[in-house]
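Working from the sequences, and respecting the hints, build out all of it.
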Amino acid sequence: MTKTAAPRDIVGKTLIELGREYPELVVLDADVGSSTRSAEFAAAFPSRFFQMGIAEANMAGVAAGLAASGKIPVMVGFAVFVTAKAFEQVRQSVAWANLNVKIIGSHAGLTVGLDGASHQAVEDVAIMRSLPNMCVLDPADAAETESAIRAAVVHRGPVYVRVGRLKSPVIYETPPRLTPGKAVVLREGKDATIIACGIMVARALEAASLLDGDGISVGVVDMASVKPLDGDCVVDCAGRTGAIVTAENASIVGGLGSAVAEVLAEKVPVPMERIGIPDVFGTSSDPERLMERYGMTAEHVRSAVTRVMARKRAQRGRDNG
Amino acid sequence: MTGLSAGDLERLKTIAARIRRKSLVLIFNRGSGHPGGSLSCADILAVLYGGYMYVDPARPDMRGRDHFVLCKGHASMALYAALSEAGFLPDDITSLPPDHQYLQGHPDRWKTPGVEMSTGSLGQGLSVALGMALAARLDGCGGRVFALLGDGELDEGQVWEAAMAAANYRVDNLVAIVDRNGLQIMGRTGEVMETEPLSAKWSAFGWNVVEVDGNDPGAVWEALDLARSVTGRPSVLLAKTVKGKGVSFMEGRPEWHAKAISASELERALAELESREKGGGCE
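Line by line, the protein sequences are chains A and B.
Going by our numbering, the first residue of the first sequence is number 215, and it counts up by one from there.
Going by our numbering, the first residue of the second sequence is number 0, and it counts up by one from there.
Note that these hints are calculated values from the structure, not bench results.
Wrong hints could be hidden among the right ones.
Unchecked claim - If you only want the chain B side, here are some residues facing chain A, beta carbon under 7 Å, derived: (1) SER126; (2) ALA134; (3) GLN157; (4) GLU160; (5) GLY217.
Only a predicted model underlies this, so the values are computations on that prediction, with no experimental measurement involved.
By construction, the Cβ of each residue, glycine as well, lies at the ideal position given by its N, Cα and C atoms.
Structure, rendered in structure tokens:
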């Protein structure tokens, strides 16, 4: 039985630890603190917790003002609302103003499941990635979520951290070292590389195990830092394996798949396939069934590897012919 | 009664006239800008940067200082003029090339000394000012925060989110000043979007409301003192102003919201302002 833990359950504990280390750290909530676990920080540091009500636009602005006056504000809310609803506030008052605001988006991607499309952030990675000055982290599991929140607080400038709601397989027993702009190579491989982020890292590892059985050697990279992207790592993987599959719990339009494609197209144009939410809004269902529906299971990743390798072989056949 | 002496008042009126002159020259130099709303708020800026705010260009980051957020970022040239009067920017600011990094179309906190917050998209500044006020309270260092909003800007819903939150947090170190010139791009504020009754709205949101003639520096100073005396809730100055104030052919005309100034218009405007700069204030 695989060990699991819910990334969001690490949020409160991590914020409390960081709150002890950083007296200037403050937390803002938009009436979802019991779900996002920021309420645990409120209990520990009541005077440094600001309940802003159901008003994300104002929350982003207040966070910017706190940062302008030397605080390290962490605004925690549902991914779809802290990014999309407050987008223009984050754009002007946080990203353009280049203030030291940390944004934690919980219930990211399809993990919110039954609440349906209104609450499923599919575009958050794309829109946050499009903002100059913004760093975007999508950690793989609970331990790496702790690393990501810590890295965000250490980093000077705006950071968006995505957090999943569901229990997900444990990849790291202890919080790994996470540096913005640096990928973590989890597995080396010869035939293809899967570059994944967030909860899709576990599925990428599972797919790689399945492919072992097929006699195919696949590398797996945890690209938690979607922006800045570790372009050197992407180029290196493409050079060594000649075939890339990306996997993310976000829209393939503008997310990790797009970021990797940008690097490949400019530097090492090798065959690639993207696994992720296929440019659709979600629907209400159990998250696992949604993953099945949108082609995001380990089996789908395995098929994508098979397809991309076939394209690589065909291309090399043409080149040699 | 205001604690201002007659001499202080004359000095503020002169600063206001100089802010008007510099704003218009800056707008003329760059061939674009917002004359109407820059002129309407010149007296308010003259009071804030002419001595009311606790700021020091030699120590721009000093602990316990006051903060200013120009929520109506399109009045940027008036802000730069005020910062130049206060010593944050060079006195001869109008001789800088129009694309100098200090002279961004809308204020950028990283490009212009003395600018506390990047603004331009309306509706966001009061939230930022609230964050600054909360930080000052946490630090217990006594800084106060002044936010200058346009009255057209009050159409933005975020202003009212911030108003609600500021009252909720009982921040009495936050003062909003509404430059109530009554005009926005498409005409009278009441015709574009009815925001009246403004005083009742701010009161209902939990604010201490002070109505004041925003083109009278002495009255503005007194209103700010009145706001300071109220504890336990934020204050708003509803500052009645004239858009284009100080230049007869711009006064009360919405077309001067955003418009380049021709050389002959500038000449006429400066002639009017010059007499006031010497004679003291607008009547």
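Tested hints:
Residue-level restraint check for SER126/B holds (minimum Cβ-Cβ distance to chain A is 3 Å; threshold 7 Å). Residue-level restraint check for ALA134/B holds (minimum Cβ-Cβ distance to chain A is 3 Å; threshold 7 Å). Annotation: interface hint on GLN157/B holds; nearest CB of chain A at approximately 5 Å, less than 7 Å. Hint status for GLU160/B relative to chain A: holds, with the closest Cβ pair at about 4 Å, below 7 Å.
Hint on GLY217/B is violated. Least Cβ distance to chain A is approximately 30 Å, over the 7 Å limit.
Hint compliance for this structure: hint 5 is the single one not met.
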